[in-house]
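*Asks:* So the chains spell out like this:
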Amino acid sequence: GENVEQHPSTLSVQEGDSAVIKCTYSDSASNYFPWYKQELGKGPQLIIDIRSNVGEKKDQRIAVTLNKTAKHFSLHITETQPEDSAVYFCAASETNAGKSTFGDGTTLTVKP
Amino acid sequence: DTGVSQNPRHKITKRGQNVTFRCDPISEHNRLYWYRQTLGQGPEFLTYFQNEAQLEKSRLLSDRFSAERPKGSFSTLEIQRTEQGDSAMYLCASSLELSNQPQHFGDGTRLSIL
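Chains as they are written, first to last, in our numbering: chain Y, 1 to 112; chain Z, 113 to 226.
Think of the hints as simulated: they come from the structure by calculation, not from any bench.
Please note that a few of the clues may not be correct.
Stated by the list, open to error - FRET-style restraints, in silico, Cβ to Cβ:
1. Ser178/Z with Lys111/Y: 42 to 50 Å
2. Lys111/Y with Gln166/Z: 25 to 33 Å
3. Arg51/Y with Glu168/Z: 20 to 28 Å
4. Asn163/Z with Lys68/Y: 29 to 37 Å
5. Asn53/Y with Gln196/Z: 16 to 24 Å
6. Ser117/Z with Asp17/Y: 22 to 30 Å
7. Arg222/Z with Ser12/Y: 23 to 31 Å
What the hints assert, rightly or not - Now the stretches of chain Z that chain Y is said to cover, found in silico as 3 or more residues with beta-carbon under 8 Å:
8. 150–159
9. 171–180
What the hints assert, rightly or not - Derived coverage of chain Y by chain Z (criterion: at least 3 residues anywhere in the stretch with Cβ under 8 Å from a Cβ of chain Z; other residues may be distant):
10. 21–34
11. 68–82
12. 99–112
Note that the coordinates shown come from a computational prediction; the quantities given were computed from them, not determined experimentally.
All C-beta atoms, glycine included, are put in the ideal place defined by N, C-alpha and C.
Could you build all of it, start to finish, from the sequences and the hints given here?
*Replies:* Dropping the structure here:
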């Protein structure tokens, strides 16, 4: 089955700096890669996703890149703000497969 | 609020008791998923439905666990004879049937076994 590894497990940055979180996956059939933000006591909330026919996608301060050959994808947050502090999860799934396989999360702390 | 709704938000019970959780998905979504999340881990897939049909079950889902979605709308997850190791957050998500659609999560039910 699919295996998703996520690094780093914790990340601390100064407000205004950039943050990068990286994930690798094992199943070459995976073709959909969402990123979620989870705040304390809440469920994961989708922040951006990318499909395998695209190498990069950007939404304001958030961007995701995908390298299908190397089987890795990354989340980039620019101009970080204290409200970006949360746990971020990457995930991978295959068309027609119901489930997503999640990484173990990155706790991002943005210091004011 | 038209998001995914889960009830109860918290459940505390003694070991050996049965518990049932409910999930109401986004109304136009015909796929519904159950995940389990323990501290410091990502959500782990348990099972999913397309309409009322249960299409996949994880090996994590022991015979003490059963999920239903009788009319293709809300779903219930029941755990019989609860054990200490069942303590976790149980998350429900829903999505459209189309390929590569995002899953929208509820805020979960936190289960604590005494």
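*Asks:* All hints, please: hold or fail.
*Replies:* Hint by hint, here is what the structure shows:
no.	hint	in the structure
1	Ser178/Z with Lys111/Y: 42 to 50 Å	holds (46 Å)
2	Lys111/Y with Gln166/Z: 25 to 33 Å	violated (46 Å)
3	Arg51/Y with Glu168/Z: 20 to 28 Å	holds (21 Å)
4	Asn163/Z with Lys68/Y: 29 to 37 Å	holds (32 Å)
5	Asn53/Y with Gln196/Z: 16 to 24 Å	violated (45 Å)
6	Ser117/Z with Asp17/Y: 22 to 30 Å	violated (37 Å)
7	Arg222/Z with Ser12/Y: 23 to 31 Å	holds (27 Å)
8	150–159	holds (count 6)
9	171–180	violated (count 0)
10	21–34	holds (count 3)
11	68–82	violated (count 0)
12	99–112	holds (count 7)
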